[in-house]
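Participant: The listed protein sequences correspond, in order, to chains B and P.
Residue numbers for the first sequence follow the numbering used here, beginning at -10 and rising by one.
Residue numbers for the second sequence follow the numbering used here, beginning at 5 and rising by one.
A few of these clues could be false.
Across the chosen pairs, the derived CB separations fall in these ranges [stated by the list, open to error]:
(1) B:V83 / P:V133: 58 to 68 angstroms
(2) B:G8 / P:E59: 47 to 57 angstroms
(3) P:P10 / B:A105: 43 to 53 angstroms
Source of the hints: derived by calculation from the structure; they are not laboratory data.
Fair warning: this is a prediction, and the values are worked out from it, not measured in the lab.
All C-beta atoms, glycine included, are put in the ideal place defined by N, C-alpha and C.
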Amino acid sequence: MSLGDSASPLGKVRGLGSGHHGGHHWLTERAASIALLLLGVWLLASLLYLPALDQRTLTEWLRAPSGAVPMILFVVVAFRHALDGLKVVVDDYVHDEGNRFAVNLLLLFAAVGGGALALWALARIIFGVTA
Amino acid sequence: MAGPHPRPLSPHLSIWRWGPHMLVSILHRVTGSGLAVVGLGVLTWWLVALAQGGEAYLRFSHAAGSPLGLIILIGLTWAFFQHLLSGIRHLVMDSGAGFELGVNKTFAVLTIIGALVLTALTWFYILGVRA
């Protein structure tokens, strides 16, 4: 069976190439950006809709599941999307292979570390270690 | 030029006539990088301050409400809308649509105008209506 004219351009390249994952990587980048589009609009709209931005109002908002769950998703997807995007910039502008590897490694550590710090803070807010 | 046969260089920014599509492409990278570094930095500081509560959150609120803080927040809002709208443009172009010269240029101009209008409306609401 050949991938004839009925296959989409993306369908034709999935599984091909030396890594076999190029099409999948491309799709996950798009999935993250569409998710972040929705979550980003949700976050901005929520901040504008809240009656005040003091500690008590914000803590109450983030402790309810309707605030906590999208906020957890926002942090995870935002750091993932930031890593994807900055990696493209690094790959384009850092030409030396050794430097590129080092900068990408630092970028990965910064994104994972920053995301973990934000999630730790969020967990502390949600599960109420401080009042 | 090291070798006897230097490779031809691809024409770069300085050689093309500037157009809105070029500007939007560069803005997409600049706003994306800014949101990733400054935006996620502010987000993480905000969550950590909120988790620690009390003094830490007052310090964050004070910094966010200062003139420099407001300039950074307004800048992040603009970067968010510009990146969101040019991101939608990229998703449309990923589907193979919107490459015709006229359509492409109009779409690019609309992302710039749209981001400025949405930023102005958001901050008019924050500083004018709600404050």
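Participant: If a hint holds in the structure, say so; if it doesn't, say that too.
Facilitator: Hints versus structure:
no. : hint                               : result
1   : B:V83 / P:V133: 58 to 68 angstroms : violated (45 angstroms)
2   : B:G8 / P:E59: 47 to 57 angstroms   : holds (50 angstroms)
3   : P:P10 / B:A105: 43 to 53 angstroms : holds (46 angstroms)
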